[in-house]
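Residue numbers (our numbering), protein chains in the order written: chain A, 1268 to 1433; chain B, 10 to 233.
Since the hints were made in silico from the structure, they are not lab data.
Treat the hints loosely; a few may be bogus.
[To be verified] Derived, one-sided and incomplete: chain A residues facing chain B with beta-carbon distance under 8 Å:
{"#": "1", "residue": "1307"}
{"#": "2", "residue": "1331"}
{"#": "3", "residue": "1334"}
Yeah, the Cβ is synthetic: ideal placement off N, Cα and C, and Gly gets one too.
Okay, here's what each chain looks like letter by letter:
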Amino acid sequence: MTRGSSSWSFREEDASRIGSMLNGLLREANARTALLVDRTGQMLATVGEEPRFDPVAFASLTAADFSANDQLARMLGENEFGALFHQGERDSLYLADIARRVILVVIFDNRTTLGLVKLRVRTTVERLAALFTEMFAREAAGEGVTRMDTGFVGEAEDEIDKLFGS
Amino acid sequence: MSLINYASREINCKLVYYGPGLGGKTTNLEYIYEKVAPASKGKMISLATETERTLFFDFLPVDLGTIRGFKTRFHLYTVPGQVYYNASRKLILKGVDGVVYVGDSQLERMEANLESMQNLYDNMAQHGLDLTRLPFVIQYNKRDLPNAAPIQVLQDALNPGWPVEDPSRQRPLTDPNRPGEMLVQESDGMWIERAPYFEAVALRGDGVFDTLRAVSKLVLKTLG
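Let's have the full structure, built from the sequences with the hints guiding it.
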């Protein structure tokens, strides 16, 4: 049995490079929180103010939001909508695609403007896209697919039996 | 797509419940949500219509806890079963690690079952995935109803098996959940594999955790 479509791993050095890029973005855009979510709905990174919401649910909905909008774009004859904006009374969201596999979400309020956020996101997206392309190339070369040690599967199975009844 | 995040020391796996409309996919998730200890589950999200039909998906994260230093979590999704929501169904399958097909045992729903199974194979193929090579289990739901078809009828229609081409796998494999039944066997000179199946009455929880346990173990094996 094989693993899902495109399993990949996220290393600590990747996280620290991403963290510093996102911190720079928040500073320059005067935004509150930046999150990275992959297109299948999993949270990759959170930087800035700790979100007050459930990040797991947020990631799942972000991916669904982007996917649904992708389909809308195709109906218009567009390849994709590269970015989405959701305006709230206090907090707003700006979402941008990175290399077709990851979504950058920026949460900001009225201390900044949409224009500034868009401007800063554009340069960050380019830098992140380069980094992710490198990560995907590493994975395609077979370096990314790591196996958990054999003890992991055994222990995980025990936990499944405990949690889901045996 | 199982994601191993070494930075946050997390492993996330995506399980998708697929099947015809009103077959019990959401009911499976609702039962799991009700029974799993509060500390092990996240918020359940349902994007449904006013009449509680799934519009886009239901989502339930379940934490296995920290295993060898990795916080391990399953993301459970359902798809909308109604035929015309295929665009949504296809989106949810993106990055799937394991599939549960929830069939409706009622004889009258046989055609809907078949259509949904075919749709599952097609949508997986469009993502470049081969269902027969991924963790995949079948649940026959609503076994308590008087018009439920016999298991053999359901098996013949929905789980007839696929040829095993890899010579190293051409050997008898018993079904660990069903003594005396085979998952891989030779028939008329050909090796055939079937998906593990479970009987269920999801409304009262029968078979719900058996199904979940089986598919999640299959997914974990692919990580090791």
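For each hint, the structure was consulted:
1. 1307: Hint holds; residue 1307 of chain A Cβ to chain B Cβ min 3 Å, cut 8 Å.
2. 1331: With a closest approach of 6 Å, the residue 1331 of chain A hint holds.
3. 1334: holds, 4 Å
Checked against the numbered hints above, the structure violates none of them.
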